[in-house]
Amino acid sequence: MKRMMPFIGVELNVVSYREKLVSILGGAISIGLLVWICREVIDPAGAVYVIASMAASAVLVFAVPHGPLSQPWPVLAGHGLSAAIGVLCARLLGHGWLAAGVAVGVSIGAMHQLRCIHPPGGATALTAVIGGEAIHRMGFSFVLWPVLTNAAILLGVALVFNWPFVWRRYPVGFARNRGVQRPVAPGEGDAHADIVKALKTIDSFIDVHEADLMDLARMIAREREVRVSAARKPGPRIG
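Going letter by letter, the sequence shown gives residues 1 to 239 in our numbering.
Hints listed in this document are in silico derivations from the structure and should not be mistaken for laboratory results. A portion of the hints provided could be inaccurate.
What the hints assert, rightly or not - Label pairs and their in silico Cβ distance ranges:
hint, residue 1, residue 2, range
1, 207, 167, 15 to 21 Å
2, 145, 211, 32 to 38 Å
3, 14, 200, 24 to 30 Å
We put the beta carbon where it would ideally sit given N, CA and C, even for glycine.
Full structure from sequences and hints, please.
Structure (structure tokens):
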């Protein structure tokens with residue numbers, strides 16, 4: 001079974017039960033509040049327009065709060081841009097398979113180009129094409145309401161909910177470094193350039209924030225130093 005894990009994509013997940021519980025509560029509270037605000041504050045029928053892709057965004061924002069795909073720019077721009085592309089495709093190509101495919105494909109390319117990759121954005125683009133007559137009648141106003149309004153509410157809840165947890169404050173720039181820091185050694189002054197070079201070599205999007213990536217590199221280096229130091233210690237003398 002262990003040999004098959006890399007091929008079927010079983011993730012390395014070593015987070016604590018505390019962190020998992022926080023993620024569960026965050027997702028539940030955010031979607032509950034989003035539906036309540038849309039229905040009770042904005043419009044009595046507003047809950048109808050809470051698009052399903054926001055639930056996928058909640059998974060990213062609360063389960064992977066420091067991931068690049070979860071940050072405010074990808075959430076807002078990924079949803080908003082994809083919604084606009086979906087509406088445009090629906091107007092030009094209709095509401096069939098061709099418009100659906102083009103909307104999602106072009107949204108992926110646009111999110112790549114503008115550095116706002118957010119997977120739920122693909123679902124938003126698809127909703128604009130095949131979401132039904134009520135959404136089609138909204139035209140480009142669909143982008144502002146409900147899409148960007150939903151996304152803004154979700155981000156607001158994420159900011160407030162995650163703030164008490166210093167290790168996972170959102171966005172990632174607010175999080176206190178939970179890693180063990182050490183002074184930057186000679187030759188390590190341009191870590192950003194090293195990371196960029198390594199990522200270009202891989203040539204694939206990695207869903208880890210740069211700050212967390214550097215923390216991991218420091219921790220790995222520290223663990224190796226500890227092991228090397230332990231191996232070099234002389235053993236007890238006999239006799």
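Hint by hint, here is what the structure shows:
1. 207 <-> 167: 15 to 21 Å: holds, 18 Å
2. 145 <-> 211: 32 to 38 Å: Hint holds: Cβ distance 34 Å, inside 32 to 38 Å.
3. 14 <-> 200: 24 to 30 Å: Roughly 28 Å apart at Cβ, these two residues keep to the hinted range, so it holds.
The structure shown violates none of the earlier numbered hints.
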